[in-house]
Amino acid sequence: MVALSPVAHGLARPDPRRVTLLLALGTLLLALLSLGTGAAGLGPTELLSALTGEGLDRRAQVILWDIRLPRLALGLMVGAALAVSGALMQGLFRNPLADPGIVGVGAGAGLGAVLAIVLGGLLPAGVAAFVGAHLVPLAAFLGGWVATLLLYRVATRGGRTSVATMLLAGIALGALAGALTGILVYLADDRQLRDLTFWGMGSLAGASWPRIGASLPLILPVLVLSPLLARGLNALALGEAQAAHMGIAVERVKRFAILGVAAAAGAAVAVAGGIGFVGIVVPHLLRLLGGPDHRHILPQAALLGGGLLVGADMIARSLVAPAELPIGIVTACLGAPVFLWILLRRKGGMGL
Amino acid sequence: MLETQDLHVTLGRREILRGLDFTASPGTVTAIIGPNGSGKTTLLRALTGEVPYRGRVNLNGHDIARTPGPRLAGFRAVLAQETHVAFPFTAAEIVRLGLEAGIGAHDPTLPERLLTEVDLPGYGPRPYHDLSGGEQARVQLARVLAQARQPVTPEGPGWLMLDEPVASLDIAHQLLVMRLAQRFARAGGGVIMVLHDLNLTAMVADRVLLMAGGRLAAQGAPAEVLADTVLQTAFGCAIRANTAPAEGPWVLPQSVLTGA
Chain D
25 MVALSPVAHG LARPDPRRVT LLLALGTLLL ALLSLGTGAA GLGPTELLSA
75 LTGEGLDRRA QVILWDIRLP RLALGLMVGA ALAVSGALMQ GLFRNPLADP
125 GIVGVGAGAG LGAVLAIVLG GLLPAGVAAF VGAHLVPLAA FLGGWVATLL
175 LYRVATRGGR TSVATMLLAG IALGALAGAL TGILVYLADD RQLRDLTFWG
225 MGSLAGASWP RIGASLPLIL PVLVLSPLLA RGLNALALGE AQAAHMGIAV
275 ERVKRFAILG VAAAAGAAVA VAGGIGFVGI VVPHLLRLLG GPDHRHILPQ
325 AALLGGGLLV GADMIARSLV APAELPIGIV TACLGAPVFL WILLRRKGGM
375 GL
Chain P
135 MLETQDLHVT LGRREILRGL DFTASPGTVT AIIGPNGSGK TTLLRALTGE
185 VPYRGRVNLN GHDIARTPGP RLAGFRAVLA QETHVAFPFT AAEIVRLGLE
235 AGIGAHDPTL PERLLTEVDL PGYGPRPYHD LSGGEQARVQ LARVLAQARQ
285 PVTPEGPGWL MLDEPVASLD IAHQLLVMRL AQRFARAGGG VIMVLHDLNL
335 TAMVADRVLL MAGGRLAAQG APAEVLADTV LQTAFGCAIR ANTAPAEGPW
385 VLPQSVLTGA
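Line by line, the protein sequences are chains D and P. In terms of my numbering, the first sequence is residues 25 to 376. In terms of my numbering, the second sequence is residues 135 to 394.
Be aware that a few hints might be false.
[As the list claims (entries may be wrong)] Per the computed footprint, the stretches of chain P lying under chain D, defined by three or more beta-carbons under 8 Å from a beta-carbon of chain D, are: (1) 165 to 176; (2) 221 to 229.
[What the hints assert, rightly or not] Not the full set, but computed from the structure, chain D residues with beta-carbon under 8 Å of chain P: (3) R82; (4) A149; (5) A265; (6) I272; (7) R276; (8) L309; (9) R319; (10) P350.
[Claimed, not checked] Simulated restraints on C-beta separations: (11) D:T189 with P:D253: 35 to 45 Å; (12) D:R181 with P:N192: 23 to 33 Å; (13) D:L143 with P:G189: 38 to 48 Å; (14) D:D39 with P:G161: 41 to 51 Å; (15) P:G189 with D:E275: 19 to 29 Å; (16) P:P255 with D:L200: 16 to 26 Å.
None of these hints come from the bench; they were simulated from the model. Remember, it's a predicted structure, so these values are computed and weren't measured experimentally. A virtual CB, placed ideally from N, CA and C, is assigned to each residue, including glycine.
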């Protein structure tokens with residue numbers, strides 16, 4: 025009775041380890057390309073000579089170590105954080121259209137960051153000294169967390185999320201957070217306004233090792249630990265009740281997924297401002313490529329997200345060189361059409 | 135053994151289950167029947183811990199309200215009336231979710247073999263969302279069979295709890311599902327299922343629970359429960375139950391018999 029020949033319309037999934045390897049190689053290649061691209065005219069050949077031990081002059085060393093490498097590291101980190109938080113959020117909401125940037129989590133994180141910049145001075149000295157440079161990322165994480173919790177409460181009933189409710193609630197949350205942010209900007213003094221402007225530029229231009237150090241403690245654990253949620257998120261794709269019957273501790277999976285989304289998206293917003301659509305596009309491409317299994321999607325999203333953002337940053341830097349576009353514009357131009365495409369071709373599963 | 139004591143469920147302000155006491159034994163198929171809105175699905179959802187209830191539900195001696203989900207999942211699998219799948223999984227990937235939920239090792243050919251058992255040979259690589267309703271229902275059944283692949287587990291008998299497993303199936307596949315349920319019971323597991331078709335019930339059930347208005351209107355062997363007056367009272371329509379020799383009862387609406 026067993027049919028050995030492949031049935032028509034069957035899917036041959038590529039070997040996930042091979043996909044991961046290819047993504048890692050591609051990201052590495054983009055990273056090297058990005059290191060050799062820039063306004064200072066320091067090209068790949070000079071960098072190669074540095075690797076072969078001929079050494080760089082002082083100026084080239086500063087460009088490499090203080091400008092290009094931190095920017096590359098920030099791009100990889102933020103891209104990975106955005107893509108993984110998108111994948112986690114889609115698993116949590118059982119919906120491929122959930123993205124922290126679109127449904128108000130980014131706005132909530134932004135509100136947290138602005139709160140920290142404007143009102144951070146009111147913190148007791150002990151707390152401020154203890155938190156130090158982590159204040160803005162932590163506040164962004166808390167803002168994103170509250171937004172995710174609210175959104176989940178509003179949009180999910182009995183374990184099912186209505187896309188319409190989710191998107192509309194996201195708009196409302198984003199508007200509310202935007203209004204509160206506006207009030208804070210109004211209250212801010214001149215020095216804070218300068219900080220806000222700097223922060224709000226939403227690009228990788230402000231990359232520095234201290235900035236990276238301030239956010240890495242929030243992002244790295246999410247990247248490393250999120251695959252532990254993979255089995256739970258896979259089961260959750262059949263609904264909360266079904267997942268529970270399959271032995272998944274559903275409430276725990278949800279709690280950790282919400283924390284992970286807020287930590288990664290919040291920290292990314294804190295260091296790089298609002299960069300949209302990476303969280304939508306990356307998991308969607310990975311699902312098309314190798315299927316929706318979260319055990320593969322989550323680690324692969326970190327690789328592809330990092331690579332994609334580094335690539336987008338290269339575009340942002342070279343289109344109008346020597347000036348540069350905000351990277352959010354590039355990701356939106358690439359990502360918004362993909363979002364619409366997913367929206368239009370959705371079938372089966374859950375309707376609007 | 136499945137035991138309930140004074141089982142009540144209230145959803146909103148409506149009391150859906152009003153005090154149910156019964157037992158079901160491993161090695162048997164128990165069918166839950168009754169008119170629409172009588173509480174069949176709610177009963178099944180209470181037995182699986184999906185809705186809050188008062189009273190007790192014991193499964194293999196464990197109070198299910200106090201037993202961790204992963205432990206229950208090791209000896210009990212549940213098929214819902216409908217399952218929506220959020221992402222583009224293939225049929226084999228869905229079945230594999232069930233394998234991961236069950237206990238013990240499994241080999242990679244098992245999804246395809248289980249799909250063959252529900253008459254979907256070679257369907258493993260097909261996208262779930264491209265399948266017909268009846269095919270999707272059988273993929274979900276294969277997933278549940280994957281989770282409950284041991285009718286007798288180290289934790290005692292395995293249990294299958296199925297809510298209308300044949301609702302979207304043609305008659306041949308209805309019979310197939312009934313055979314699979316029966317085979318699981320004969321191998322030492324317990325099967326509880328909600329059914330609408332009284333003749334399928336008569337054919338496959340060892341025990342019948344007849345629900346009406348949130349209570350058990352009758353329980354017992356098919357021959358006792360599937361009787362004219364019992365059914366007529368519960369369903370509120372003229373119904374005749376007949377007995378074919380050695381084959382148990384069969385049931386028809388009276389209008390069919392009289393042509394009225």
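Measuring from beta carbon to beta carbon, are P255 of chain P and L200 of chain D in 16 to 26 Å? Violated, since P255 of chain P and L200 of chain D (Cβ atoms, about 54 Å apart) do not stay within the stated range.
In this structure, is the beta-carbon distance linking T189 of chain D and D253 of chain P contained in 35 to 45 Å? Once the Cβ atoms are compared, 39 Å apart, the range 35 to 45 Å for D253 of chain P and T189 of chain D holds.
Per the CB criterion, is A149 of chain D less than 8 Å away from chain P? Hint on A149 of chain D: violated, closest Cβ of chain P at ~46 Å, above 8 Å.
The hint says 41 to 51 Å between D39 of chain D and G161 of chain P; measuring C-beta to C-beta, is that right? holds, 44 Å
Supplied distance hint 19 to 29 Å, evaluated on CB atoms of G189 of chain P and E275 of chain D: Given a distance of about 23 Å, which is inside 19 to 29 Å, the answer is holds.
Does I272 of chain D hold up as a contact with chain P if the rule is Cβ-Cβ below 8 Å? Cβ of I272 of chain D sits 7 Å from chain P, so the hint holds.
Hint says 38 to 48 Å; check whether the CB-CB distance for L143 of chain D and G189 of chain P agrees. Since the Cβ atoms of L143 of chain D and G189 of chain P sit about 53 Å apart, the hinted range of 38 to 48 Å is violated.
Would the hint on R276 of chain D stand, with a C-beta cut-off of 8 Å toward chain P? It is violated, given that the least Cβ distance between R276 of chain D and chain P is near 10 Å, above 8 Å.
Check of the stretch 165 to 176 of chain P against chain D for coverage (Cβ-Cβ below 8 Å, three residues minimum): With 0 residues closer than 8 Å to chain D, the stretch 165 to 176 of chain P misses the three-residue bar; violated.
Hint status (Cβ of A265 of chain D to nearest Cβ of chain P, threshold 8 Å): holds, 5 Å
Min Cβ distance, R319 of chain D to chain P: is it shorter than 8 Å? It is violated, given that the least Cβ distance between R319 of chain D and chain P is near 10 Å, above 8 Å.
Restraint outcome when L309 of chain D is required to lie within 8 Å of chain P by C-beta distance: Cβ of L309 of chain D sits 13 Å from chain P, so the hint is violated.
When the structure is compared with the earlier hints, violations turn up for hints 1, 3, 4, 7, 8, 9, 10, 13, 16 and for no others.
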